[in-house]
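Chain by chain, the residues run as shown.
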Amino acid sequence: MSWFLFIILAVFTLGGGLGVVITRNVVHAALFLLVSLVAVAGVYLILFAEFLALVQVLIYGGAIIIVLLFAIMLTRTAEYPYISDNRQWPLAAIAAAGVGVVLGAAFWINGVSQSTPNSPTFSELSNSLFTRWAIPFEVASLVLLVALIGAIIIARAGEDSR
Amino acid sequence: MQWAWLIPVFSFAAVPLIILFGKYLPGKGSPLAILAILGGFALFWVTLFGFLNATPDTEGCQTGEETGALTCSYQRTWFEAGFPGTDNDVDKRVRLTWGIIIDPLAIAMLGLATLVALMVQIYSLGYMRGDARFDWYYAFHALFIASMLTLVLADNFLLLYVAWELVGLCSYLLIGFWFERPEAREAAKKAFIVTRIGDVGLLVGILLLWSQVGSFSMADAFAAAQSGAIDHGVATMAALLLFLGAMGKSAQFPFHVWLPDAMEGPTPVSALIHAATMVAAGVYLVARAFPIFVASGDALLIVAIVGLVTALGAATIALVSTDLKRILAYSTISHLGLMMLSLGALGYTAAIFHLLAHGFSKALLFLGAGSVMHGTDELDIRKMGGLRKVMPITAILFSIGALSLGGIPILAGFWSKDEILIAVNEHLNPVFIVLTLLTALLSALYMARAMFVVFYGRLAESQEHAHESPPTMTITMSLLGVLALFFGFMAFNWPGDYEGIGSFLFYDHPEGFHFTWWLGILSTVLAVAAFAYAYLAYVRKSYPLAGIRGRCSGLLKVVENKYYLDEAYQWGVDRVVLVVSGFVAWLDRAVVNDVGVNGPANLVRHLGVALRLHVTGHVYSYALAMALGLIGLAIFWWIQST
Amino acid sequence: MPGLTDNLYLLTPEFALAGLAFLVFIIDLLLPEERKDLLGWLSVAGLLGVVALSLVMLPGKEATLYGGLLAVDGYSLFFKVFFLGLGVFIILSSIDYVKLHLNHPGEFYGLLLFSILGMNLMAQSRELLTAYISLELLSFSLYVMVAYALNNAKSNEGSLKYIIIGAFSSAILLYGISMVYSALGVTRFEGISAALSSITDLRPALWVGLALIMVGLGFKLAAVPFHMWAPDAYEGAPLPVTAYLAIASKAAAFALVLRLLSEAFVPAADRWDQWQIIVATLAALSMLVGNLVALAQRNLKRLMAYSSIGHVGYILAGAVALSTDSLLGANGIIFYLVGYSITSIVVFAALIAFFNATGQEEIPDLAGLADRQPFLAMAIAVSFFSLGGLPIFVGFTMKFYLFTAVANAGYLWLAGLAIFTSLVSLYYYLQVIRQMYIQPALAAPATDAADGPGEHPPAEPESEHTHTPSHHEPSGDYEPLPRPSALLLVVMVLGLVAVVGLGVYPAPLLELVEGASAAILPGG
Amino acid sequence: MTNFDQAVLLLIILVPLAGALLSMFLPRGRSEDAWYFAIFVSAITLVLSVVVFARYDFGAGGYQFVRTYEWLDAPLNIDLSLAMDGIAAPLVLLNGIVLFGAVLISQTIKHRTRDFFVLLLALGSGVYGVFVVQDLFFLFFFYELAVLPMYLLIGVWGSSTDFGSFMRTKEYGAMKLMLFLVAGSVLIWIGILALYVAAGQAGSPTFSIEALGELARAGHFSPAFQNWVFPLFMIGFGVLAGLWPFHTWSPDGHVAAPTGVSMLHAGVLMKLGAFGIIRVGMVLLPEGAAAWMPVLIVLGTVNVIYGAIAALSQRDLKYIIGYSSVSHMGYVLMGIATLHPVGLTGAVLQMFSHGIMTALMFAMVGAIYERSHIRDITVLNGLMKRMGTASFFFAVAGLASLGLPGLSGFVAEFMVFTGAFRTYLPLAVLAVIGAAITAVYILRLLARTFFGEADPRWEHLTDASPVEKTVGAAFALILLFVGVWPAPLTRVINTGVESVLLLF
Amino acid sequence: MVPLVYFQLLSAALFIIGLYGVMARRSAVLIIMSIELMLNAVNINLIAAASHREGWGSFVNFDGQIIAIFIITVAAAEVGLAMAIILRMYRNRATVNVDEIDLMKW
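Protein chains in written order, with this note's numbering: chain A, 1 to 162; chain B, 1 to 642; chain C, 1 to 524; chain D, 1 to 504; chain E, 1 to 106.
One should not assume that every hint holds.
Quick list of in silico lysine-lysine cross-link-like pairs, DSBU-like style, CA-CA up to 30 Å [said to hold, decoys possible]: (1) C:K61 with E:K105; (2) B:K541 with B:K389; (3) B:K541 with B:K557; (4) B:K557 with B:K383; (5) D:K385 with B:K23; (6) D:K385 with D:K469; (7) D:K110 with B:K23; (8) D:K385 with D:K110; (9) D:K469 with D:K110.
These are calculated hints, taken from the structure and not from any lab test.
So here's chain A without its partners, still in its complex pose:
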């Protein structure tokens, strides 16, 4: 059963991913991305990471895809639907394959260990997040703040003095 789910989700994850990097239409790419991200959320589920699955769907599926779509709309150009790869894509493919071989080999040699996935409860997770990981958490909030301020400054229209 979990094998079946895994394969299905893996197909969607990778298929969506491939769609993102292969399709010639940007909007399609964003939708492929959505497919992939949701499938990833599914993967989280079969790993019993329900909270993460939730976060994934909310933030990625909800926020990030929307931002991306907005950006696509705002930066629309005539060739956008037919955007293609740059000239070095064969090299890129080779390099990516190389990285894949390295990573795959590393994981594969690591060996197949049988164990049952389990997951912390929400309260364990949040407890840890706000005690042990409090500092990174606070810093992460500052990161968000910085991104926010930056995005506002940079993207605000009508900045053309000086």
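Chain A is already provided as a structure; the job is to place chains B, C, D and E on it using the hints.
Here is chains B, C, D and E on its own, set in the frame of chain A:
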């Protein structure tokens, strides 16, 4: 006698004084120089009598083990290099000394040098009057004679070399004294460079001896040579190297080319160079280092051959030269060759005797020529004639010199030349004596030619305004004339204490005066015949010279062009030295610099330019590079870890 | 976890810094446009306050917070003060520039303060995620600051490239973290080091993961081959930001890398021996590529970018010398960082002054600067000589120290290569000095900057036999530049004093440095 | 030891450095002030140099005026230890003299005068430092300090020359010189690091020359190690000493450099290289030195001959002197390579003698160039008529350089020949021949430029200024003094040479 | 149960797809999307490891999930900021194609 070192010091001391204060002194400082050399001359006598009275017990004196001759020497340390306290170990240390040697050879040379220098300096008062650099002239002069005197007195090879080089420098300064004239400046340069080439040999020879003996001291070197401590081959090598130096200084073939050109200097300077200083130094060196030459034996033969070739070749050129001073110059070369020949023939005493006799005569001749120049501003003998009428004193004195050098009996030159003939006859192959006699004949012939053409016959029209020289010049010439006349008698064993120059000045064993009658008569006949012939040819004009000229025109041309030696050297300098030098300079710029230096520099820079292309400006290629780096790093890391 | 937050007060400086940043944002809202430079002064004052606070509170304190996430020790104190000091100088150098050329000064200073906070945390992190988040705080601020010249296409472009490559390398770094985590189950440095020294059959996933982390950090350091963003970001960014990028962000990255290597890798001596060669390779590549490519640059910022890549190579070479036996390597790196930063501050302060006066930033524009504004020329020349490694400047001493450490670690070839590339670097530094001192000031900007050895102007055919030395008397027709502002002068003078002072007598600094490195390499 | 003795070596380094720093605060624009101040500073250093030389006790020998200042403790252990031995003493004196002369002669610098003297004094300080420090770090520190100002000194105050077939700009000369010297120091640096590491392996990591020397004597440096490290020093320092084929920076640099800089550079700076080979290479790596000396002496001989031959066909006065420096430094290298007490003494004396003579030549060439703006010997002629004093002093220097007895060059060269004669006879002969070639180019130069008819083109030239005359006379007198009585120098040098050669 | 290694391989595959996208795509927006794929690959890896890691170490270690939360946060911020910059770029240059964005190179 210990104070003999002051002889050169007087003159050395005069130099800076004249240079610094000459402008403000009466006579522009010339009296200083003359006083200095006068002091030297006086001290020479003191030294001479001191030496005559010296015994092996006198401080610093000893009798040579082999020769039995008395030698006195006095040293002070100059400086030391290397480890202290390891005396005479050539690998540890060298100790250099100031030292003087007083022996008959040195004394004879001292006498010649001081006297001739004194005469020349007094003579120059008149000759150089009014010259813009009068003070410098006397300064150089003083330096010149001081160096020569140091050379003569040096008891070690290093000091000798020091003085040797200074002599070379002074000849450079004096030959080029009128440096505004390109010929003078070129001649000076030539003199310095040519002699300098010989000096390379001298220095190497000195160092070779040092490395064998462990000391620069002549006494040590001679002792080693005589005791056979020096290997025969090394002795020959050293002797030849020393002789190389002597060849340069004494203008032996093929280094003689500088001497005729050296005529570009003021004439009194020529007198000094030719009689007492520069060229005498070479003969003096060979005489001084005679033990080494003797130890070698082979070297002596080379000396003799070089001497003979020089003597004969120069005599032929003198015969056809038309410049009065050049005739004298070639004559000097020829006579120097004779001296060398004599030394090579073991005629040590003869050579020195001839050196002295020739010195006085040649000084006289040059001063005479200077007087002629002073009176006529002319040196080409073809434009002269009959000067006897306007310059009688000069004419007489010049004639004395010419006769003396020509080998007319009872004059100094006759006796000394005769000694040489004897030595050659005794010790060398018969070919040598034949050629030596030929040289003697030629010598008489060219002297006679010069004498007759210039002073006798009809007074040339252009010379009518000529006048006799001032007394400073004529008086000094007269003194030299007296010496040229009577110096030859020094050879005789006079009654009393004086036993002849051969017992005063000797190598190996004292020799009394001896005379080989057939040689004496033969040489007399030859000399007289030459003078007679010249009289007929140049004064009476009764002998058709043109015929001879016509018949030997080819030979004549070669001789007139001085056997094309100058041209050969010029070719060598232009085509070899300058080409090599130009090549090296080009190499340095085009290869070493442009390829060897700029090459790598450009390579690095172009590498930089090429390498920067990897930053394409496209962000995806940055990512690609990172990915490739990632692969490399991961694999590298993995491999390292297992 | 009991006692997890007992020592929270040790983070007071960080909280104060964050507070200061918020204060700046708030006051920004209240100030009128023309008084915004007060914000700079406020930041400076605040930073100095935080420095004082740190110096009062922290010396001698040794503590680990949050179960090993953060360390408060001599090392972090040293870097804290160092970063805050850098911040002071950067802000001082930027006040004029910001007033003249940039909008939104309040946010500028606020972001700068946040990024300093990020740097401080980087130096303190003892855990991969904390380090990563701190690093992102720094990076995000920098992304924004690089883009701060909003209507300048180059600024946009630099920022875009920077953020793309930054995010890309973040992903790689994170993947590395995930692999380390999946292999070991820990992300704390001491856990990694314990695992490295104990586990006998370590797994490839760990190796590859660590390699990926090095790639991610390599990006931040701009080590070859992860350096290509740097020239573009440097060139695009406004000058003070370039300075900040070149100096502070690099120093912070090294602070992190140094702690990571020292605490995680070096104690596992056997492993570290194997990995030194990898670091050495990166170092060698960085020196070579950085210095060689710098030869071909015309833009001053770009030149500084490549030169800084070269310097990264040297410092990485120093990392090879890290060992538990000797503090030489760690000392060398920290000393080098300090020296390099101070020297670079002088360079950038001078460049900012020059830019403020002329708006130019190409090398040929500097022609005749020695006549037009001698002090600026002197400042640049001195700091370039220092960067080129010549005495009596700190550059010489720091290089000597660092290379000695490298050689002492058995990597004489690497030290040799470093010395050689220093020579190469001297060439382009001299080219700039040449522009300033030898080229006459021209009315039109000079034409060709790059003729060094090897390029002769074509020979004049008519110059037949004599050579004609040309007399280069300076023509009087140059325009003097206005004096640099007092602020920049102060920065430059202080910097120069430090450059010379540390070059002549670095002992006091090295004592401090030793305290710092002893904290991360207790065995040394 | 008096207090003065304890502080004098530090003072001798610090005085010019402090002078340089203080000069920076002189008011800009009044060039005379900077000159006067530099004269003041360099006069003090000259006095210090003379005093320290005079106070050196040659009877006792060894290192004197020893003083150590803590600079950096463990783990690097660098101390500023100062000491002077018999080899350094004459060079310190030389630097004092030449620096003073160079400052005096730089009266003609009117452009950015203050900066010029700042750099010049810094250069002098670096040179002093190299001679008197006993620590490799500081030796290298001062070595680089001496090199550093050269770029600007040549680049800013130099002159570019078009030679028709090629061009030498001052930028080129300065850049080439700088890169060359720094390239040399790359090797030196590597060598120093190698020594440090080797000392560390022997148990006591140190940069102290004294401590390293003890390690060397104790045999802690293996022959293989010495054999590969010594060439680093030999070539590295050799670059500065003009070692063939790394000499080419020298003529080009001199052609471009201003007078005072040429004087200091050819006069003193090139000696740093030879000094480094002795002080570092030979003392610390005796076996390596012994193994490499045949190479060095061959290169030295090539220097002598090659430099002389190349000088023969140069037309630019400064090129001639530049190549002659290459040639003369060849004697120094030969003397070092003989490993013979006399040869080595000769080498050190040659350093001194060449320093003075070449400085004098450059000073006089500078005087001529200042007035005629030309240095082409085929164009200049008859200068003796117009610039008698300058010509005279130039001739004196020229004669010293061709090894005329009575001037210092002879004594030094003679000793080098002597040493070489015992060890490498054929090369010694070649070197003597080189000296003869020197005579050829010097005389050719004198004949072309100074003698001959007065040229109306040069009628406007005035003779040397009082300052130039003073410098010329002083230098010429030194040449004469050393040539006539070298003992004051040699007895000091002997002690230094002895302690070096006892290692072999 | 699916062994850990398959999740890891899935993550690796997604990672290299993202990697390829970054290197091969022209549009800056698509590059950002590819980076998001890579980050998701990281998260899969982390969460899979965290889920299979019971009993390792001194406490039940679910740090992987925490890290994943942070990553998602940062990723969101990153996308926001990147989009702002892309937008600014578009306004200034009227393009978001990275192969046209090469004012600065070499």
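**OP:** Quickly compare the C-alpha distance for D:K385 and D:K469 to 30 Å and report which way the hint goes.
**Re:** Holds, at roughly 16 Å.
Original post:
Does D:K385 pair with B:K23 here, judged by a C-alpha cut-off of 30 Å?
Top reply: holds, 17 Å
Original post:
Keeping to a limit of 30 Å between CA atoms, is the pair of D:K385 and D:K110 held or broken?
Top reply: holds, 28 Å
Original post:
Within a Cα-Cα threshold of 30 Å, do B:K541 and B:K557 meet the stated pairing?
Top reply: holds, 23 Å
**OP:** Sort out whether B:K389 lies within 30 Å of B:K541, counting only the CA atoms.
**Re:** Given pair B:K541, B:K389 holds - Cα atoms ~19 Å apart, limit 30 Å.
Original post:
Holds or violated: D:K110 with B:K23, Cα cutoff 30 Å?
Top reply: violated, 36 Å
Original post:
Under the criterion that the straight-line Cα-Cα distance not exceed 30 Å, is the pair D:K469, D:K110 satisfied?
Top reply: holds, 20 Å
Subject >> Given pair status - B:K383, B:K557, alpha carbons within 30 Å >> reply: Distance ~21 Å between B:K557 and B:K383 Cα, so the pair holds.
Original post:
Given the hinted pair C:K61 and E:K105, is their alpha-carbon gap at most 30 Å?
Top reply: Violated, at about 47 Å.
Comparing the model with each earlier hint shows violations of hints 1 and 7; every other hint is respected.
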